[in-house]
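There are 2 protein chains.
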Amino acid sequence: MSKIAAVVEKNSDVLREAVAANQQRGFYAHWPEAPSGKIYGETANADGQAAFQARINSVFEDISADGAEDSFGEEESPFGFPLEISYPVFSEDTLITRANGAWKEWRSLSVEERASILIETLERAAAHFFEIAYATMHTTGQGFVMAFQASGPHAFDRGLEAIAQGYSQISAFSPKVDWTKRVGREEYVTVHKTFNIVPRGINLVVGCSTFPTWNSTPGIFAGLVTGNPVLVKPHPGAVLPIAILVASMRGTLRDLGLNPDIVQLASDSSRDPLALRLATNPNVKIIDYTGGTEFGSLLEKVAAENGKAIFSEKSGVNSAILDSVDNLDRVLDNLAFGAVLYSGQMCTAPQNFFINRNGVREGDAVVPYEEVVERLAAKIKQLATHPKIGAGTLGALQSVATLERLTQLSEHPHDARIRLESEIVEQPGFPAARSRTPLLLEVAADKADVYGKELFGPIYFVIPTDSFEHSLELVTASIKEHGALTSAVYSCDASQRALAEEKVVFEAAAPIAFNYVGNIWVNQSASFSDFHGAGANAAGTATFTDAAFVSNRYNVIGTREIR
Amino acid sequence: MSKIAAVVEKNSDVLREAVAANQQRGFYAHWPEAPSGKIYGETANADGQAAFQARINSVFEDISADGAEDSFGEEESPFGFPLEISYPVFSEDTLITRANGAWKEWRSLSVEERASILIETLERAAAHFFEIAYATMHTTGQGFVMAFQASGPHAFDRGLEAIAQGYSQISAFSPKVDWTKRVGREEYVTVHKTFNIVPRGINLVVGCSTFPTWNSTPGIFAGLVTGNPVLVKPHPGAVLPIAILVASMRGTLRDLGLNPDIVQLASDSSRDPLALRLATNPNVKIIDYTGGTEFGSLLEKVAAENGKAIFSEKSGVNSAILDSVDNLDRVLDNLAFGAVLYSGQMCTAPQNFFINRNGVREGDAVVPYEEVVERLAAKIKQLATHPKIGAGTLGALQSVATLERLTQLSEHPHDARIRLESEIVEQPGFPAARSRTPLLLEVAADKADVYGKELFGPIYFVIPTDSFEHSLELVTASIKEHGALTSAVYSCDASQRALAEEKVVFEAAAPIAFNYVGNIWVNQSASFSDFHGAGANAAGTATFTDAAFVSNRYNVIGTREIR
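Line order of the protein sequences matches chains A and B.
Position one of the first sequence corresponds to residue 611 (the working numbering), numbered consecutively onward.
Position one of the second sequence corresponds to residue 611 (the working numbering), numbered consecutively onward.
Treat the hints with care, as some may be off.
For chains that are exact copies, the list does not tell them apart, and a pair is met inside one copy or across any two.
[As the list claims (entries may be wrong)] With a Cα cut of at most 27 Å, we get these calculated BS3-like pairs of lysine-lysine:
| hint | residue 1 | residue 2 |
| --- | --- | --- |
| 1 | K648 | K714 |
| 2 | K1063 | K648 |
| 3 | K714 | K1090 |
| 4 | K911 | K1090 |
| 5 | K1057 | K648 |
| 6 | K648 | K791 |
| 7 | K1113 | K714 |
| 8 | K791 | K998 |
| 9 | K1057 | K911 |
| 10 | K786 | K1090 |
| 11 | K786 | K1113 |
| 12 | K613 | K786 |
| 13 | K786 | K714 |
| 14 | K1090 | K998 |
No lab work stands behind these hints, which were simulated from the structure alone.
Here chain A stands alone, though its shape is the one from the complex (with noise of 0.2 Å):
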């Protein structure tokens, strides 16, 4: 049996498993999320964070420099030490050359043959969760905990979703048919029909530098899965996580006897940006982006003029309602941890709470508004100055930027009245970390100017409203002007329940969290079961995974022959 086959055979089970998973859309996970020895291997661990520290102040050299231009890193961890690894870089010339050199063996295999390979690919790649965790720990400044699962086990199950979607899209018809037809009373016609599945060209993916792996897997598998030559260009402050993902994919490919230029790292720098030079580049017909608002708008500019497919995630400005409750303490406590979660790093974190100056309805009682404002901080405050577990849910700001802003928010809040001051905190082991506590601004809700952008970072506004229907039509405008990733309702009526989905889902285009308490926040997305990103509103076109974000990567052709 060839390696290939041998491959197939192998993981077959498992992508049949990831297409029942995105077809039933309960909960589903391929690889366990808990940073365990049991389920790893009880010096998995240690042997990552072993890993990791041999990379500091080295080259990565698991990614051959042959044909590059240069070598550079600018990577600082937010924990505060630089860490001095260098990456090839290589001309554009020279990856374009390169993924179209490798083009044509990975289009001719079987769509199910790609699944599997790069089932395989990411099987193998999985060996190196611990170390790509403290790499994303390391350039993110997300606790260990968040960075184990978001860029190992998350992130690896968004690529196999984005696998296996695009292995059901293509498999959903036949790809060969005999067509025959009667044209006369005794006269048939056959036709030897042939549906050729023809990528579209390169798909460039362009990262983050808060989600290096989650956000850019999706686009990665997608683009290959459909028969795309991918180039993955990391933020320059976080490539380490997926770099070394690329290097181990480009091994599996290699030991598999195919040509791993299918999947490069376009590494650059700063002073030296290549994104838009690659977006822009004919050659180049898919781009993934995840990132801020501005430069992704060029990109779907670009793509839009150049009939390029886009498929991008950018900034949002997310909300919380709270109007009633069952419990205003579970509540607190749960919006009180989304907001501490990475210093309100994640796109999906609410950044503006609107609430009823009439207070919160609780059961038959209503809480002041004033109480509930006083409740929130105070549940912020505790949870993140909490000894044993409050650095480790903060994490660091990724982004000298985010402090800054921080910062001067504090110092000069001008129409907004400080409700929680933002406090540093001390991270053990990294006394240079960039940490601190959230900040909670209250300011009128006539002041959409102040709190109607996104304040990216710990960041968080108190809205005092008139009423829900109020609170709703405030969300409902700023979802249409900004765009938005998430929101959370909290209402216990529900006409009003019904009311914003009308308004928030079918009109406005976002998702929407409903009276969420417990071990689960607004802030996630699981695989195989949310829809990640609308698609459909300011914050991006992208959804992880739907139909459109495989199918507009390749187009069917056909080949007709009468023999």
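Chain A is fixed; fit chain B onto it per the hints.
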């Protein structure tokens, strides 16, 4: 049982069959293509003709003029008489307001209900097949049989195909799920999730003058099945065929207790065109377009700049390569029929014949180039002037512009040499018909400025080339520059065919028909089997009916709830 539930039950077999046909892609047709009394009733033809006659010189009353701004019509039969039918003309505001008014009811139906209702609209409208055939004949110039097939059974099958594709995509995953995750040793959390299909918004379908129903039904039914309101904007020269369908659909919807405004006729006039105004309206989120490249490219630009989905079919230049054959007579018969059929006014008809100047190999012999051209010209002439089938196969020229183009090229062929003159053809019963036999020109391979653009109508070029590879190079370059909807290649050499597939299908992104002979022509595109329109080259972005054709018309946006 409600009327809608009854329709769901009644049409479930058809829906199931159509879904299976899309998967299997063998021959399938729900409506028989023969305009036969045995199938459609002995009086169907006479009744249809009478119904069409009764339309002439009257107001089209099947669509209420309530709220109309004007009543207007300018259709003329290419067979030589004005139709004098006037249609209600509604303002942009009226159309948009009514579409939005009908939207919520429609999108609140399940996809199975929408699909079943839409099948019902087609089943009932099929009673108008003969009337639609006469309407098509006397707006497009098609001969009766083609008019019947293309605007009736084939167009309806394309509509059914789109319904089934939309249904398959949306029902590919569970619409609701209780998602349960273990979050602690003995702790579980359950989230009640709904995956809402959120249609993008009003779907404008801009029709063309030559295939007013066939090219519009895919967009109309893809838009509707995915929950969007549809505005059908016909070409002012070919309103009646699609007006009959839209009016019938509205009657069925009304009969089922639904708001008929979910599908509206947006008739206009050439002096006050509505298409661009509607396309730029912010409520319009999806555009389907068939027609010339210039306006199509403008609509694509409008769509790209405003984040609208567009599915276009513009002009292309289709080519045939003639290099080696089993039986030259059968090949030339096939090519001649394709050239005569509807006077080359099919978007799928080849315009340019690239023929090896060293002759065409037939078995062991080589037929000299000159002889091939002479025999092709003779066969075209013989068929086009055939006393029994010539006039009916040719039909008439839809537009005066096509006749002018033909006349001008006949009088001033410039660098080309006339190999077959175009002659007037008499259409029995229609002395003023605009009907002509094809013009065949010969031009050198380096005169791409002459043959390289689309010259719509019965205008064909033979182009002598140095070799198969030379022909292929010219065809590939032409598709890359101008796009194409089809290509035909005649070669008995498997390695040449493989090379053609590589160049034409994978590089230039156009389909190929190899070695077509007998009662099947490259012009034809079979519903449920052939993916029509590559969607990947300059001829347009639409493919009837692939996954992207439906999945870009809605988003999946979740509602999650903790109870």
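Starting from the hint list further up, note which numbers the structure goes against and sort them upward.
1, 2, 5, 9 and 14
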